[in-house]
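Undergrad: So the chains spell out like this:
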Amino acid sequence: MSFDTPDDRRYLESHEWALETDGVVRVGISDFAQDELGDVVFVELPDVGDDVSAGDAFGVVESIKAVSDLYAPVSGTVSAVNEDLFDAPELVNEDPLGDGWMLEIEATDESDELLSADEYADQIA
Amino acid sequence: MSLQTPPLGGVHDEYGAKFTDFGGWEMPVEFDSIQTEHHAVRDDVGKFDVSHMGEVVVSGPDATRLMQRLTSNDVTALDVGDSQYAAITATDGTIIDDTVIYRLPDDGEMEYLFVPNAGNDEAMVERWETHREQWGLEATVENRTQEYAMVALQGPNARALAREAATDGRDRLADLSRFEATYVEINGVDCWTARTGYTGEDGLEFVVPWESAETVWSALECQPCGLGARDTLRLEAGYVLAGQDFDRESNPRTPYECGIGFTVKLDTEFVGRDALEAQKEEGVEEKLVGFRLVDRGIARHGYDITTSEGEVIGTVTSGTMSPTLEQAIGLGYVPTRYADSGTVVRVDVRGRDKKAKIETLPFVETV
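Chains as they are written, first to last, in my numbering: chain A, 5 to 129; chain B, 47 to 413.
Same shape as in the complex, but just chain A (with noise of 0.2 Å):
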């Protein structure tokens, strides 16, 4: 099986992906981690004006089967919530990369650790 990873955004090796945007950055997990978690049943998630800090966890995400801690890529203020997710968390499963994204924030700094696509393919491959 072969998983989605475009080129136009960055990865953390725990599968959130990052995707900026005139210094805001768009959180979701990646095609590969909806797949291993399967039926997403519920997002937990920070409200607008919490702070994140990159590399520490800022929610939940639940399948029937797994609870999965989301990591953050960036640090920075939220400054927006996917709240879509509330009532129809299953879009993390439909269109991880698009509909299913999970946080907006304003980024102050990055992980040290963020992958390139390819960094990212090579390491579910």
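Incorrect hints may have been included.
[To be verified] Dumping the calculated EDC-like pairs for lysine to aspartate or glutamate here, alpha-carbon to alpha-carbon at most 20 Å:
(1) K400/B to E48/A
(2) K400/B to D39/A
(3) K401/B to E48/A
(4) K400/B to E372/B
(5) K403/B to D386/B
(6) K64/B to D12/A
(7) K400/B to D73/A
(8) K401/B to E357/B
(9) K400/B to D341/B
(10) K64/B to E40/A
(11) K311/B to E327/B
(12) K326/B to E175/B
(13) K400/B to D91/A
(14) K401/B to D91/A
(15) K403/B to E327/B
(16) K64/B to E98/A
Bear in mind the hints are in silico, worked out from the structure with no lab data behind them.
Note that the coordinates shown come from a computational prediction; the quantities given were computed from them, not determined experimentally.
With chain A's structure known, arrange chain B on it following the hints.
TA: Just chain B, lined up with the frame of chain A:
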């Protein structure tokens, strides 16, 4: 320890199933998605490879006596082709394993098949042999776990599908009542076929010769289901899982505590009987309850159950998001004063208190 592979392992791998270690067996946990598989069973039909379950055959002049003294139910109530759910209890009344016992057709001497949980077959055979020697009984105890695969076909349309796949014994299949078993030929393979299951739906379980597993599996054309869906289905049905809702080492419980007191026949003589009689007279201090989360979140195995004031009163033993109810449900032990349906408690979900309501089991209507 190396994992045992079920005879259908290669077939599942080819399908693209995900696997998990369960009781020492590498078993498929998910074929398509847990929700898809779950709904197939509730609405139509699905098939499960449950070859990790043990098969132990007990026969001989004292087979009945041996079975009776090591299981909590009354095996003398079984006619040929009947089955019953039973607990295997220690002297203190706590459950070592739970099992289904089938009375097999015989030539005058009683013969039983019982199905221990994954990884328990060797320990149960040893227990049976030890007690046989101790009590001077004449019986043969054979571990057939490596000789048989087991396939469960579950759902409202399970029996209709089995009928289509049956090459002999269709009438016997049609006449089968709940908890009855008989031989039915599926795609040319003689299978010990029982109208039992672990999903809350109508359905069948086939004990299949190991080498013929694929012949039977492929003839039952429907949604393959993994252990993930098996867990959500059994939890909605309020069925306990050995090693999780009770555990000999980490959470020893009696049948009365875990809600399977109906398997205990105190008018029979078995290991653990006296302790259970005493507990029945005194009443249990804690019992297994079902609960539904009112707040958003999912309760998981090991989470604390607390009062509204935060006092820890119990532990969650099983919890998931119910695909049928689309709400988080779970099982756990609480003191009996908190066990009434409608009682409001809290579950500590990773440091956050989530409101939950005790609910009468099962969560969904079952057969």
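Undergrad: All hints are to be evaluated individually against the structure, with a verdict given for each.
TA: Evaluation of the provided hints:
Between K400/B and E48/A the alpha-carbon distance is near 13 Å, which keeps this suggested pair within the 20 Å criterion. With a C-alpha separation of about 28 Å, the suggested pair K400/B and D39/A falls outside the 20 Å cut-off, and the hint is violated. A hinted pair counts as satisfied when its Cα atoms are at most 20 Å apart, and K401/B with E48/A qualifies at roughly 16 Å. Proposed proximity of K400/B and E372/B is supported: the alpha carbons are some 17 Å apart, at most 20 Å.
Proposed proximity of K403/B and D386/B is supported: the alpha carbons are some 10 Å apart, at most 20 Å. Proposed proximity of K64/B and D12/A is contradicted: the alpha carbons are some 30 Å apart, above 20 Å. Distance restraint check for K400/B and D73/A: the Cα-Cα separation of roughly 19 Å lies within the 20 Å cut-off, and the hinted pair is therefore satisfied. Among the hinted pairs, K401/B with E357/B is consistent with the structure: their alpha-carbon atoms are about 14 Å apart, no more than 20 Å.
Restraint check: the Cα-Cα separation between K400/B and D341/B comes to about 5 Å, which is no more than 20 Å; the hinted pair holds. Taking the CA atoms of K64/B and E40/A, the gap is near 9 Å; set against the 20 Å cutoff, the hint holds. The suggested pairing of K311/B with E327/B holds, with an alpha-carbon distance near 14 Å, which does not exceed 20 Å. Between K326/B and E175/B, the direct Cα distance comes to roughly 29 Å. Violation of the 20 Å bound is thereby established for this hinted pair.
Taking the CA atoms of K400/B and D91/A, the gap is about 18 Å. The hint holds against a cut of 20 Å. Our distance criterion of 20 Å between C-alpha atoms is met by K401/B and D91/A, whose separation comes to about 19 Å. Proposed proximity of K403/B and E327/B is contradicted: the alpha carbons are some 28 Å apart, above 20 Å. A hinted pair counts as satisfied when its Cα atoms are at most 20 Å apart, and K64/B with E98/A qualifies at roughly 19 Å.
When held up to the earlier numbered hints, the structure conflicts with 2, 6, 12, 15 and fits the remainder.
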